[in-house]
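Engineer: Chain residues, written in single-letter form:
2 protein chains.
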Amino acid sequence: MALSSSPPSGFRDFLPSNIELRQKVSQTISRVYRSFGFEPIETSALENLEVLTGKGGGENEKLIFKVLKRGEKLTEALEKSEELADLGLRFDLTLPLARFYAAHQNDLPKPFKAFHIAPVWRAERAQRGRYREFTQCDLDIVGSESWMAEVEVISAILTVFEKLGLKDVSVHLNDRALVYEALNQAGIPPNQQVEVCITLDKLDKIGQEGVFAELHDKFSLDSAAVVNAAKLIMDNPTEISKFDSIAPAEARGIKNILEKLKGAAGNQGQNCFFNSSLMRGFDYYTGPVFEFRHPKLSGSLGGGGRYDRLLEKFGVPSIAACGGSIGFERLILLLEELGNSRETLGAKFFIAVFSEEMLAQTLELSSKLRNLGQSVDLYPGAAKLKNQFKYADQKKARYALILGPDEVKQNQIRIKDLKTGIESLADFESLPKLPD
Amino acid sequence: MALSSSPPSGFRDFLPSNIELRQKVSQTISRVYRSFGFEPIETSALENLEVLTGKGGGENEKLIFKVLKRGEKLTEALEKSEELADLGLRFDLTLPLARFYAAHQNDLPKPFKAFHIAPVWRAERAQRGRYREFTQCDLDIVGSESWMAEVEVISAILTVFEKLGLKDVSVHLNDRALVYEALNQAGIPPNQQVEVCITLDKLDKIGQEGVFAELHDKFSLDSAAVVNAAKLIMDNPTEISKFDSIAPAEARGIKNILEKLKGAAGNQGQNCFFNSSLMRGFDYYTGPVFEFRHPKLSGSLGGGGRYDRLLEKFGVPSIAACGGSIGFERLILLLEELGNSRETLGAKFFIAVFSEEMLAQTLELSSKLRNLGQSVDLYPGAAKLKNQFKYADQKKARYALILGPDEVKQNQIRIKDLKTGIESLADFESLPKLPD
Numbered sequence: 001m002a003l004s005s006s007p008p009s010g011f012r013d014f015l016p017s018n019i020e021l022r023q024k025v026s027q028t029i030s031r032v033y034r035s036f037g038f039e040p041i042e043t044s045a046l047e048n049l050e051v052l053t054g055k056g057g058g059e060n061e062k063l064i065f066k067v068l069k070r071g072e073k074l075t076e077a078l079e080k081s082e083e084l085a086d087l088g089l090r091f092d093l094t095l096p097l098a099r100f101y102a103a104h105q106n107d108l109p110k111p112f113k114a115f116h117i118a119p120v121w122r123a124e125r126a127q128r129g130r131y132r133e134f135t136q137c138d139l140d141i142v143g144s145e146s147w148m149a150e151v152e153v154i155s156a157i158l159t160v161f162e163k164l165g166l167k168d169v170s171v172h173l174n175d176r177a178l179v180y181e182a183l184n185q186a187g188i189p190p191n192q193q194v195e196v197c198i199t200l201d202k203l204d205k206i207g208q209e210g211v212f213a214e215l216h217d218k219f220s221l222d223s224a225a226v227v228n229a230a231k232l233i234m235d236n237p238t239e240i241s242k243f244d245s246i247a248p249a250e251a252r253g254i255k256n257i258l259e260k261l262k263g264a265a266g267n268q269g270q271n272c273f274f275n276s277s278l279m280r281g282f283d284y285y286t287g288p289v290f291e292f293r294h295p296k297l298s299g300s301l302g303g304g305g306r307y308d309r310l311l312e313k314f315g316v317p318s319i320a321a322c323g324g325s326i327g328f329e330r331l332i333l334l335l336e337e338l339g340n341s342r343e344t345l346g347a348k349f350f351i352a353v354f355s356e357e358m359l360a361q362t363l364e365l366s367s368k369l370r371n372l373g374q375s376v377d378l379y380p381g382a383a384k385l386k387n388q389f390k391y392a393d394q395k396k397a398r399y400a401l402i403l404g405p406d407e408v409k410q411n412q413i414r415i416k417d418l419k420t421g422i423e424s425l426a427d428f429e430s431l432p433k434l435p436d
Numbered sequence: 437m438a439l440s441s442s443p444p445s446g447f448r449d450f451l452p453s454n455i456e457l458r459q460k461v462s463q464t465i466s467r468v469y470r471s472f473g474f475e476p477i478e479t480s481a482l483e484n485l486e487v488l489t490g491k492g493g494g495e496n497e498k499l500i501f502k503v504l505k506r507g508e509k510l511t512e513a514l515e516k517s518e519e520l521a522d523l524g525l526r527f528d529l530t531l532p533l534a535r536f537y538a539a540h541q542n543d544l545p546k547p548f549k550a551f552h553i554a555p556v557w558r559a560e561r562a563q564r565g566r567y568r569e570f571t572q573c574d575l576d577i578v579g580s581e582s583w584m585a586e587v588e589v590i591s592a593i594l595t596v597f598e599k600l601g602l603k604d605v606s607v608h609l610n611d612r613a614l615v616y617e618a619l620n621q622a623g624i625p626p627n628q629q630v631e632v633c634i635t636l637d638k639l640d641k642i643g644q645e646g647v648f649a650e651l652h653d654k655f656s657l658d659s660a661a662v663v664n665a666a667k668l669i670m671d672n673p674t675e676i677s678k679f680d681s682i683a684p685a686e687a688r689g690i691k692n693i694l695e696k697l698k699g700a701a702g703n704q705g706q707n708c709f710f711n712s713s714l715m716r717g718f719d720y721y722t723g724p725v726f727e728f729r730h731p732k733l734s735g736s737l738g739g740g741g742r743y744d745r746l747l748e749k750f751g752v753p754s755i756a757a758c759g760g761s762i763g764f765e766r767l768i769l770l771l772e773e774l775g776n777s778r779e780t781l782g783a784k785f786f787i788a789v790f791s792e793e794m795l796a797q798t799l800e801l802s803s804k805l806r807n808l809g810q811s812v813d814l815y816p817g818a819a820k821l822k823n824q825f826k827y828a829d830q831k832k833a834r835y836a837l838i839l840g841p842d843e844v845k846q847n848q849i850r851i852k853d854l855k856t857g858i859e860s861l862a863d864f865e866s867l868p869k870l871p872d
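Protein chains in written order, with the numbering used here: chain A, 1 to 436; chain B, 437 to 872.
Misleading hints may appear alongside valid ones.
[Unchecked claim] Computed list of chain B residues with no C-beta within reach of chain A, every gap over 12 angstroms:
| no. | residue |
| --- | --- |
| 1 | I455 |
| 2 | P532 |
| 3 | R568 |
| 4 | Q628 |
| 5 | E645 |
| 6 | D653 |
| 7 | S659 |
| 8 | V663 |
| 9 | L770 |
| 10 | S803 |
| 11 | Q848 |
| 12 | L861 |
[As the list claims (entries may be wrong)] Derived coverage of chain B by chain A (criterion: at least 3 residues anywhere in the stretch with Cβ under 8 angstroms from a Cβ of chain A; other residues may be distant):
| no. | segment |
| --- | --- |
| 13 | 475-481 |
| 14 | 539-553 |
| 15 | 629-639 |
[What the hints assert, rightly or not] To be clear about the criterion: a stretch of chain B counts as covered by chain A if any three or more of its residues have a C-beta under 8 angstroms from a C-beta of chain A, and this derived list gives those stretches:
| no. | segment |
| --- | --- |
| 16 | 501-507 |
| 17 | 610-618 |
| 18 | 716-725 |
| 19 | 783-795 |
Think of the hints as simulated: they come from the structure by calculation, not from any bench.
Here the structure is a predicted model, which means the values were calculated and not measured.
We put the beta carbon where it would ideally sit given N, CA and C, even for glycine.
Assemble the whole structure, with the sequences as input and the hints as a guide.
Structural biologist: Below you can see the structure in the form of structure tokens.
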């Protein structure tokens, strides 16, 4: 029986027409990140399983695609009922960056400004618009305690959106330290605070009443002090002054970042707001967190934050780090929705094969043009001219060239302008000069 | 205890300095393939396991990284001692292309000229120079029976080498059909012929005596007819006329390809030879096979061939297909050996932070330059100027800019040319005009 030709559930193939926009966007991101002094890195798609599990990944750990041990190690694991997998596919690019930095720190500039554009894999339940393989575009500054790191990361991401012609992006900014301090003062013990943040993060989905109910049910937190702290965090989210007395240094820091972003990315930095209800999912954030939003998109276009302790896992003593990420798949969706062209780039010349007898001369023509650096799509074989022109049309070539016995006799080439449909005769020498 | 920060055994990280050459080469390959009218495709890294196993992959099937089933399906598989994995990482790009074509054929031009540059994974025993994750660069023509497909594929690959400045590449060409016909006439049954080819392929490693011994031991093939056929294939490998009477049509086809390649890639096609001892490993080749070699490299720089039946697996009736691949990792090694530059591309401007007090004005300077489209690496934070200049040096910036209180008073900026070491003062307006 024939095998199914579909990719596995939740995975995708990309046709040439899909790839044009993806490559254009990915090249823009790479160019902008580079122009801000970030350097590209690459890490292995597979990581040792113990790197991916344990503190750091939060909910995403449950979604790891695990790779089966091989050979004797598998037999042994089955006999002893031990862990059957030894490797896993990365589910984000932050953990791999932390491992990378720990491994190569002596060869890297300090601070290290890095970017990483690569696929990640999560065993999510497959559903519309949610994929099990998707691209992330991370940039990070490792080794800077300064809030300038946040300004750099956010400015670079805003500049990407600017270069892609995306208007109306807003930045929401908060500081985990503000939230933790408010929870502290309400008497919530530090070991509960991350979990409480995850509940507060559900505000958009379940509303204030839902948040209060969950705080009560899940943590037995319902004292007046807790309710007040939660309200402080959720109510009037853009008003930063409410934290002035609670955490003055952090409040000043956030004001500073907002102020300094103003000149960034052709004034896109004007659209930066404080939002005390912004949490961001990951456990590992320790300071400022931020998120990019667009009115046409529910959910975010990307985000990031400061994660000063993630590298401890690899034996690197507490090092300041801050990073951000663009949600590539969402960005592509949004750009497509906004009508961004997905036109494929065809070769300038399509060369049709008039007949078997003309093959040698046709090949010679294509070699000559190619050796001059021209792009040439040669039809591979002699077929009905009608089919060859259908092919040229699908491939979006600019000009079709035909070399028949009559043309050869006259030492000329028949050209069809595929935009206008006009046919004419030309010398070989005039071909490279045709407008694109 | 801290986790190891090394990537898994056999896997690699790439530092910025490694990536420059890899990206340059990959972009050159992509540009050349496109200029020949090939279109990019992408497929999922994971495939359903049954796509990867079964006829086609040969030895590589044993090297599949298998992905563990998840949740209830895993529990069930363990209870019933069934297959524990349902997905696998692709080990080449040919099988995924075959699946891709079967899935999307109605949306694709006919014939379909495709290329695919992507990583593949093989659970090889880790050893020096052999990696478990490596990049392949495939190009294929699906739906052309003409030998012009071979000419296109080989020409495109030769043009890549040409554009990379790689001289002395030779092409070795054979036709599986010639070999099979010789084996036929020696009375070797068709179902043994692929295995016999694998033995013949060991000629370089074990010599003629070794090949004869293996034919005897493994297949009990040692009649005079078999020995003669094997000798015909192995002796005088460049002499195509020895097949003129055995398989006249195929011999003519090969002569044709060699003849037509002559004008390709600025006459690199002159270095194409017939080699009757060339086999290429994969089972699925049915016609011409070819390989690219370089005198500085043992083994090949790439290769390919015709595989007219691979798509049957996916229910597509026999369709003509021909493809080739560049061994990306070997190509990079060779280029590095030949002294190709690996210099990182730094930002044009490095901006140092003179002091905390100068931060606002320094940020303003960087925003202004960036908004003009200049590349600017800003040091994220105030640090000792000595450390900042060490950083600028590592990052290979072109100019360092410093804004101290004196410069601000004079409405000027201090520039250090990092190539010459010369310092000077300049107005903001003259900065964008500095030579690269």
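Engineer: For a quick check of understanding: which of the numbered hints are violated here, in increasing order?
Structural biologist: Numbers 1, 2, 3, 10, 15, 17, 18 - these are the hints that the structure violates, sorted from lowest upward.
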